[in-house]
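Protein chains: 2
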Amino acid sequence: MSELVTAAMIVIGDEILSGRTKDKNIGHLADMLTAVGIDLKEVRIVPDEEDEIVAAVNALRARYTYLFTTGGIGPTHDDITADSISKAFGLVCDYDAKAYAMMEKHYEARGMEFTQARKRMARMPVGATHIDNPISLAPGFKIGNVHVMAGVPSIFQAMLDNVLPTLKTGARMLSATVHCPLGEGTIGGPLGEIQKAHPDTIIGSYPKYAEGSFYTELVVRARDAELLETVRAEVAAMVERLITEAA
Amino acid sequence: MSELVTAAMIVIGDEILSGRTKDKNIGHLADMLTAVGIDLKEVRIVPDEEDEIVAAVNALRARYTYLFTTGGIGPTHDDITADSISKAFGLVCDYDAKAYAMMEKHYEARGMEFTQARKRMARMPVGATHIDNPISLAPGFKIGNVHVMAGVPSIFQAMLDNVLPTLKTGARMLSATVHCPLGEGTIGGPLGEIQKAHPDTIIGSYPKYAEGSFYTELVVRARDAELLETVRAEVAAMVERLITEAA
Numbered sequence: 001m002s003e004l005v006t007a008a009m010i011v012i013g014d015e016i017l018s019g020r021t022k023d024k025n026i027g028h029l030a031d032m033l034t035a036v037g038i039d040l041k042e043v044r045i046v047p048d049e050e051d052e053i054v055a056a057v058n059a060l061r062a063r064y065t066y067l068f069t070t071g072g073i074g075p076t077h078d079d080i081t082a083d084s085i086s087k088a089f090g091l092v093c094d095y096d097a098k099a100y101a102m103m104e105k106h107y108e109a110r111g112m113e114f115t116q117a118r119k120r121m122a123r124m125p126v127g128a129t130h131i132d133n134p135i136s137l138a139p140g141f142k143i144g145n146v147h148v149m150a151g152v153p154s155i156f157q158a159m160l161d162n163v164l165p166t167l168k169t170g171a172r173m174l175s176a177t178v179h180c181p182l183g184e185g186t187i188g189g190p191l192g193e194i195q196k197a198h199p200d201t202i203i204g205s206y207p208k209y210a211e212g213s214f215y216t217e218l219v220v221r222a223r224d225a226e227l228l229e230t231v232r233a234e235v236a237a238m239v240e241r242l243i244t245e246a247a
Numbered sequence: 001m002s003e004l005v006t007a008a009m010i011v012i013g014d015e016i017l018s019g020r021t022k023d024k025n026i027g028h029l030a031d032m033l034t035a036v037g038i039d040l041k042e043v044r045i046v047p048d049e050e051d052e053i054v055a056a057v058n059a060l061r062a063r064y065t066y067l068f069t070t071g072g073i074g075p076t077h078d079d080i081t082a083d084s085i086s087k088a089f090g091l092v093c094d095y096d097a098k099a100y101a102m103m104e105k106h107y108e109a110r111g112m113e114f115t116q117a118r119k120r121m122a123r124m125p126v127g128a129t130h131i132d133n134p135i136s137l138a139p140g141f142k143i144g145n146v147h148v149m150a151g152v153p154s155i156f157q158a159m160l161d162n163v164l165p166t167l168k169t170g171a172r173m174l175s176a177t178v179h180c181p182l183g184e185g186t187i188g189g190p191l192g193e194i195q196k197a198h199p200d201t202i203i204g205s206y207p208k209y210a211e212g213s214f215y216t217e218l219v220v221r222a223r224d225a226e227l228l229e230t231v232r233a234e235v236a237a238m239v240e241r242l243i244t245e246a247a
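First to last, the sequence lines map onto chains A and B. Quick note: the first sequence, position 13, residue 13 per the numbering used here, numbers continuous. Quick note: the second sequence, position 26, residue 26 per the numbering used here, numbers continuous.
Among the clues, some could well be false.
A pair holds if it fits inside one copy or across any two, identical chains being indistinguishable in the list.
Claimed, not checked - No more than 25 angstroms apart at the CA atoms, straight line, and that leaves these computed lysine-lysine pairs for BS3-like:
hint	residue 1	residue 2
1	K119	K196
2	K24	K208
3	K208	K22
4	K22	K87
Rather than coming from a laboratory, the hints here were simulated on the basis of the structure.
Given the sequences, and given the hints that come with them, work out the whole structure.
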């Protein structure tokens, strides 16, 4: 059986906490990690404050196989992610020679000044490796098990596409959904019994509300296809039985 | 000057971490708290695991004026929020007499069985007070500074509408936006100088990318209207100057 591979995410930015910007990266990362068999176990959204970022990075990088961050790697004064990650690792944050040269050339070719602000984007912890940014050039970086990426969704997604093939992946969690026209209050008891009988599966129950009434999506998750089918069939039979009883 | 009022949020649910459900509650809570002058300082998304929920609740309720949770208060086996909150407070989790009676009557009036699963929704820490649920009856609850609400967005929003008038609110953070057609690389340096000169404001710079080029939204935040206008004017003048220089 494959090893369990886990991950956490830190979303960095006052603009998410104020509601001004609505995060679009959590759901995308969750989808992509689930697809390759990595379990996202925790997400934290923290403000643009160094102590908060350092504390979250050190708490999460120690607990999970991978940590992903988004936000705070632009050229302005409120972009403090590179400094904060460096501090979390006890490393110096400095201009990365390769990133600096690449960006200098890029701006020169466009007749644009390579300002102090733009130079900030070439800073990273000493020893970090690049995460390519095909959209706006300034790279993200990887240090230890931490992947530092942009907050702008299109850039984050492009960076993540570059990162995913480099990750160790786990046995993919498979899932099967059983639609249930009954509310959770009706199915909760018997569903709990099925969960208890199959501890190697995760059975989720998601209430939905539409047109004035509740229905439920029952999702069985397991890493083993045969087990998944066995439990899915039990859940489907339970729903059929309860529908008959309710009729 | 008004007191600073802070808050944190915990989103509870495997379905958010797997990507199956995309959270809609974080942005809503952020908007509502900002509107009444409460600073949302941290959000955590945690799985349906008691130890994780207890640890997050105890870490955050101690640090902030208020803590809000969403998710995990339904009738099925994976709804463990009431038990976890009780454990975090060292309180017994039991049927609440008022909630039990109200729900019993509700189901009886509809000719529906008050199942064991439905009864689970009447459980809360001893001493908790109700948060009314005008949509599907089963209440959320408040214990200490922790407000426990539903994960289904329509129910969460209705519960929050009941909670907001009960909260101590702070001086509202005001904001003013300056549109900037230049990228962050051009404005980063001078903008940082303005921020340094006005430590009682928060100046955010949000890169946007549309139709192949970057522009920037510069947002000044302050609790004092006069200060806000002073700094907004400085930022606007800076943008004008840089546009002229670039032309």
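Here is how each hint holds up against the structure:
For the identical chains of this complex, K119 and K196 are inter-copy neighbours only, at 19 angstroms across copies versus 57 angstroms inside a copy, given an alpha-carbon limit of 25 angstroms. With identical chains, the CA atoms of K24 and K208 are at most 25 angstroms apart both within one copy (22 angstroms) and between copies (14 angstroms). In this assembly of identical chains, K208 and K22 lie within 25 angstroms of each other by CA distance both inside one copy and across copies; the values are 23 angstroms within and 13 angstroms between. When the C-alpha separation of K22 and K87 is checked against a cutoff of 25 angstroms, the pair qualifies neither within a copy, at 28 angstroms, nor between copies, at 32 angstroms.
Violation of the numbered hints given earlier is confined to hint 4; every other hint is satisfied by the structure.
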